[in-house]
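Take a look at the letters that make up each chain.
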Amino acid sequence: MAERTKSDRAATSAALLPIALWGLLAAVAALLFAWRVGMQWPAPLPGGIGLDRVILLYSTLPRGAVAVLAGAVLGMSGLLLQHVLRNPLAEPSTLGISAGAQLAMTIVSLYAPLLMERSQSLVAFAGGIAAVLLVLALTWRRGLEPVSVVLAGMMVALTASSVSAALILANGEYLFSLFIWGGGSLVQQDWEPTIALTIRLAAGAVAALMLLRPLTILGLDDASARGLGVARHSSRFLIIALAVWMATSVAAEVGVIGFVGLAAPALATLSGARTLRQKLIAAPLIGAVLLWLTDGLVQLAAGSGGERIPTGAGTALLGGPLLLWLLPRLRLLEWPHLGSKGAAPRKASRPWLIILLLFALALVAAIVALVVGRGPDGWSIAGGDLLTDLAAWRAPRISVAAAAGAMLAAAGVVIQRVTGNPLASPELLGVGTGAGAGLTAVLMVSATASPGWQLAGSALGSLAALIAMLALAARAKFGAERLLLAGIAMSALCSAAITATIAMGNAQSYILLRWLSGSTGQATALDAKLALACLLPLTLPLFLAARWLDILPLGSDSARGLGVPVAGGRLMLIIVAALLTALAAMVVGPLSFVGLIAPHLAQLVGFSRARVHLAGAMVLGALLMIVSDWLSRMAAFPYELPAGLFASLLGGPYLVYLLAKGVPRQG
Amino acid sequence: MIHPPNRRQVLALAAAALLPPVAARAATPRVAAIDWGMLETLLALGIEPVAATELIQFRKIAVEPRVPQSVTDLGLRGAPNYELLRIVAPDVIVISNFYEYQRPMLERIAPVFAQAVYEAGVPPYMLAEAATLALGEKLGRQAEAKRYADETADEIARLRATLPRASGHPVFVISLGDSRHFRAFGRDSMFGDVLTRLGLVNAWTDETSYSAAAPVGLEALARVPEASILIVSPLPADVGRSLPTNALWNALPAVRQNRVAVLEPVNHFGCLPSARRFARLATAALARQAHG
Numbered sequence: 110m111a112e113r114t115k116s117d118r119a120a121t122s123a124a125l126l127p128i129a130l131w132g133l134l135a136a137v138a139a140l141l142f143a144w145r146v147g148m149q150w151p152a153p154l155p156g157g158i159g160l161d162r163v164i165l166l167y168s169t170l171p172r173g174a175v176a177v178l179a180g181a182v183l184g185m186s187g188l189l190l191q192h193v194l195r196n197p198l199a200e201p202s203t204l205g206i207s208a209g210a211q212l213a214m215t216i217v218s219l220y221a222p223l224l225m226e227r228s229q230s231l232v233a234f235a236g237g238i239a240a241v242l243l244v245l246a247l248t249w250r251r252g253l254e255p256v257s258v259v260l261a262g263m264m265v266a267l268t269a270s271s272v273s274a275a276l277i278l279a280n281g282e283y284l285f286s287l288f289i290w291g292g293g294s295l296v297q298q299d300w301e302p303t304i305a306l307t308i309r310l311a312a313g314a315v316a317a318l319m320l321l322r323p324l325t326i327l328g329l330d331d332a333s334a335r336g337l338g339v340a341r342h343s344s345r346f347l348i349i350a351l352a353v354w355m356a357t358s359v360a361a362e363v364g365v366i367g368f369v370g371l372a373a374p375a376l377a378t379l380s381g382a383r384t385l386r387q388k389l390i391a392a393p394l395i396g397a398v399l400l401w402l403t404d405g406l407v408q409l410a411a412g413s414g415g416e417r418i419p420t421g422a423g424t425a426l427l428g429g430p431l432l433l434w435l436l437p438r439l440r441l442l443e444w445p446h447l448g449s450k451g452a453a454p455r456k457a458s459r460p461w462l463i464i465l466l467l468f469a470l471a472l473v474a475a476i477v478a479l480v481v482g483r484g485p486d487g488w489s490i491a492g493g494d495l496l497t498d499l500a501a502w503r504a505p506r507i508s509v510a511a512a513a514g515a516m517l518a519a520a521g522v523v524i525q526r527v528t529g530n531p532l533a534s535p536e537l538l539g540v541g542t543g544a545g546a547g548l549t550a551v552l553m554v555s556a557t558a559s560p561g562w563q564l565a566g567s568a569l570g571s572l573a574a575l576i577a578m579l580a581l582a583a584r585a586k587f588g589a590e591r592l593l594l595a596g597i598a599m600s601a602l603c604s605a606a607i608t609a610t611i612a613m614g615n616a617q618s619y620i621l622l623r624w625l626s627g628s629t630g631q632a633t634a635l636d637a638k639l640a641l642a643c644l645l646p647l648t649l650p651l652f653l654a655a656r657w658l659d660i661l662p663l664g665s666d667s668a669r670g671l672g673v674p675v676a677g678g679r680l681m682l683i684i685v686a687a688l689l690t691a692l693a694a695m696v697v698g699p700l701s702f703v704g705l706i707a708p709h710l711a712q713l714v715g716f717s718r719a720r721v722h723l724a725g726a727m728v729l730g731a732l733l734m735i736v737s738d739w740l741s742r743m744a745a746f747p748y749e750l751p752a753g754l755f756a757s758l759l760g761g762p763y764l765v766y767l768l769a770k771g772v773p774r775q776g
Numbered sequence: 024m025i026h027p028p029n030r031r032q033v034l035a036l037a038a039a040a041l042l043p044p045v046a047a048r049a050a051t052p053r054v055a056a057i058d059w060g061m062l063e064t065l066l067a068l069g070i071e072p073v074a075a076t077e078l079i080q081f082r083k084i085a086v087e088p089r090v091p092q093s094v095t096d097l098g099l100r101g102a103p104n105y106e107l108l109r110i111v112a113p114d115v116i117v118i119s120n121f122y123e124y125q126r127p128m129l130e131r132i133a134p135v136f137a138q139a140v141y142e143a144g145v146p147p148y149m150l151a152e153a154a155t156l157a158l159g160e161k162l163g164r165q166a167e168a169k170r171y172a173d174e175t176a177d178e179i180a181r182l183r184a185t186l187p188r189a190s191g192h193p194v195f196v197i198s199l200g201d202s203r204h205f206r207a208f209g210r211d212s213m214f215g216d217v218l219t220r221l222g223l224v225n226a227w228t229d230e231t232s233y234s235a236a237a238p239v240g241l242e243a244l245a246r247v248p249e250a251s252i253l254i255v256s257p258l259p260a261d262v263g264r265s266l267p268t269n270a271l272w273n274a275l276p277a278v279r280q281n282r283v284a285v286l287e288p289v290n291h292f293g294c295l296p297s298a299r300r301f302a303r304l305a306t307a308a309l310a311r312q313a314h315g
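First to last, the sequence lines map onto chains A and B. Using this note's numbering, you'd call the opening residue of the first sequence number 110 and step up by one each time. Using this note's numbering, you'd call the opening residue of the second sequence number 24 and step up by one each time.
Among the clues, some could well be false.
Here chain B is said to cover these stretches of chain A; the calculated rule only asks that three of the stretch's residues, wherever they fall, bring their Cβ under 8 angstroms from a Cβ of chain B [stated by the list, open to error]:
| id | segment |
| --- | --- |
| 1 | 292-302 |
| 2 | 479-492 |
| 3 | 496-506 |
Derived DMTMM-like pairs (lysine to aspartate or glutamate); straight-line CA-CA distance at most 25 angstroms [what the hints assert, rightly or not]:
| id | chain 1 | residue 1 | chain 2 | residue 2 |
| --- | --- | --- | --- | --- |
| 4 | B | LYS83 | B | GLU287 |
| 5 | B | LYS169 | B | GLU87 |
| 6 | A | LYS638 | B | GLU123 |
| 7 | B | LYS161 | B | ASP114 |
| 8 | A | LYS638 | B | GLU130 |
| 9 | B | LYS83 | B | GLU71 |
Bear in mind the hints are in silico, worked out from the structure with no lab data behind them. Note that CB positions come from ideal geometry on N, CA and C, so glycine has one too.
Please work from the sequences and hints to get the whole structure.
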């Protein structure tokens, strides 16, 4: 009896505790806001011009209102996306919606500025919905499995950001507005955004209430939903479009605000919201408190010279660790694991001969890249003295590009085999963006830091990211999903730091933009030697561990049965892959798609056993990067474009085709 | 400057077949400029560089001095085309401290001559003047450099004299980031320094670093209600639509009393030619306000 009372009391206090906690946080946010209002309260001067009053009315008050409203809209949008996709990680930034909106706005500002003046939110919506449709198309064959959806979303987001960065680089000052926007600022000067967001929130709430029944059913699996007579696809798309509309309205009004859409529904669940109806109330409220509080803190940290951190980057800086903390608590494994799907991969009868041929092809490409180029007078084939001289410039770039391509491809093979997920990519390990965060830190200390310091900063940054990620993954015994998610969270966190610095729009921004878009332009002979010297010792252990790579995709149980040390083996392979990725990221930037695509290309050629798969992917990765680097030098001569961008443009369409066809699991 | 014939020059001759003919002037070294401030200084001293960076943008947003079509465009400032620079084979490459990280690459092509004009917390005018004189010395144009520095100082003094009533008047010089944010030019920017030299007061007194502060909300412009506002072009795309409807912007005393002007574009990180251009544009705008 006493036992029962105790447990009842425990249950009651467990329900009250979250409410008290959120109440407390809301009170803190309100206090911060009241402090701002107090600071701005108009002095009762009779001869005053009333400017204080204007600022209070048109800046301080609407900013508070927009923080609450945008937080609520994002919370609701995130909840709808997560519910419909049955994916606890879905939200505007993980699905590529924000990056898609940003890319659309960049392109329109450049090529149709009038359209941008007329309807910014429509442009943002078009970009956002296009990104979501692409992500859904990419993962359709995999049944919209959560981890794959988020992986595809992050790839779409990274590519869109890199294209935006390249466009901004090539067009200078004009587009800095888009980076302020990318940082997410809640600064207000009238009530228009408040009104716009109120309408969105109201419309969203009404629609969600009307769709409560189909929504509830869509949360069930497909078979049950069909049985209950809900038109699954049409209502699902309707709700996704609604959520994207809400999210891109926030993006158009105040910029990119990350993580609120992710954290609010998750925290609502953790706080004890059980039914959909409860969640629909709790998630927007929690989102509102989160954003209001973050914005208050950002303003508290601001000096009179301006805010040091844009609010959107602030939410990501707070939200990244939150996501890492949430990971072990999310119920991800409800999703049925997909078995081998699609036809068994074709096997080449003489793989090593093909690899030799591909290697010869890569050599030919390297020679062409070395000899053929554009000069002030058009195309030319260099020879003799001119060649010796130009080779001193071209050879390091070609070697660095080739080495980076091979490294990323090797890392890609490892990551895809270890996680058993064909959409996994070394770019998502977090070590690449970690290098960027380290570079940012060095540039913060000195805008004119030497290349040596920049390289050291990148190295330390990726090392720190790697250690943090391994520590997190260790708690989950290096389980595939947790590892990928920890990498995604780490990437998002580091990206936030980079975005915040770029949004400052100073000399450092340009260095980071160039790094972000992946340039081989500064490659020196030293870089080339370093990259080539590291390639062999780092990839050799992978060839020796080929048996593990063959067996691990079969799943933990089978692997253990075959005598593979699962946790230890995964750890070792991941460390090697991370080192390879970090090295490649330091010399060619965080994104190239090569790590994702080269392993698939190799499989398509028919390299199925781990050893040939690894060798084939490395040769193909090197080839892809050599061609990309050459194109980046030639396309807009004399303006050099980022090589990483060309790699994504070459590989991206192929990847879409591949995924639309349905990719078999590795192994 | 006479060099013994070396492999580079032999190569330059070989490459000359590919190049449009460059009028070689005796005793004037062939110069390439990576930094825009150095480019405008070279042109002001009557030296036509053989190559410079981002000329498409330069002609649009720095405007003055005019860059002859014969100057080879090297591509982006941050990532110049080294191969092309190698083919152009200048005798000397001028950069600023911003591009020190390119030095190892550039030194493989030609000796690098670097000048620091922008340093955090230091008003840049005197540094720019020193850089002009140093460049003149380096390239055998001492007389021209001295004359240009004096002319610039004279012109600014003359312009200052045309603004008697404006003396001591506070002015914000900003560039608009988007329709809600601006970046202010503080005391360590060329615009801020020239304002002071025109006898005006820079209304932005907070710390800035390297020319412009991080984006700030427009409400910060209300801190000095009596100030005029000079907006340096270019303006972002959506400003034309959204600024006129921005309630706070419209409530600013400067806006209500018509003390806002949009200036034509000027190089943000310029040297003396930019200082002159800004002084001229700012004086004209302020004079219009005084009369209007």
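We went through each hint and held it up to the structure:
1. As drawn, the segment 292-302 of chain A meets chain B at 7 residues by the rule of a beta-carbon pair under 8 angstroms; at three or more, the given contact holds.
2. Residues of the segment 479-492 of chain A lying with their CB closer than 8 angstroms to a CB of chain B number 5, which satisfies the three-residue condition for coverage.
3. Given a C-beta distance limit of less than 8 angstroms, the hint that chain B covers the segment 496-506 of chain A holds, as 5 residues qualify and 3 suffice.
4. For the hint linking LYS83 of chain B to GLU287 of chain B, the alpha-carbon distance of about 10 angstroms falls within 25 angstroms, and the restraint holds.
5. Between LYS169 of chain B and GLU87 of chain B the alpha-carbon distance is near 20 angstroms, which keeps this suggested pair within the 25 angstroms criterion.
6. For the proposed pair LYS638 of chain A and GLU123 of chain B, the alpha carbon gap of about 23 angstroms is at most 25 angstroms, so the pair holds.
7. Pair hint LYS161 of chain B plus ASP114 of chain B holds up; C-alpha atoms about 12 angstroms apart against a cutoff of 25 angstroms.
8. Proximity of LYS638 of chain A to GLU130 of chain B is assessed by CA-CA distance (about 20 angstroms); at most 25 angstroms being required, the pair is judged to hold.
9. Only pairs whose Cα atoms come within 25 angstroms are accepted, and LYS83 of chain B paired with GLU71 of chain B is accepted, the gap being roughly 19 angstroms.
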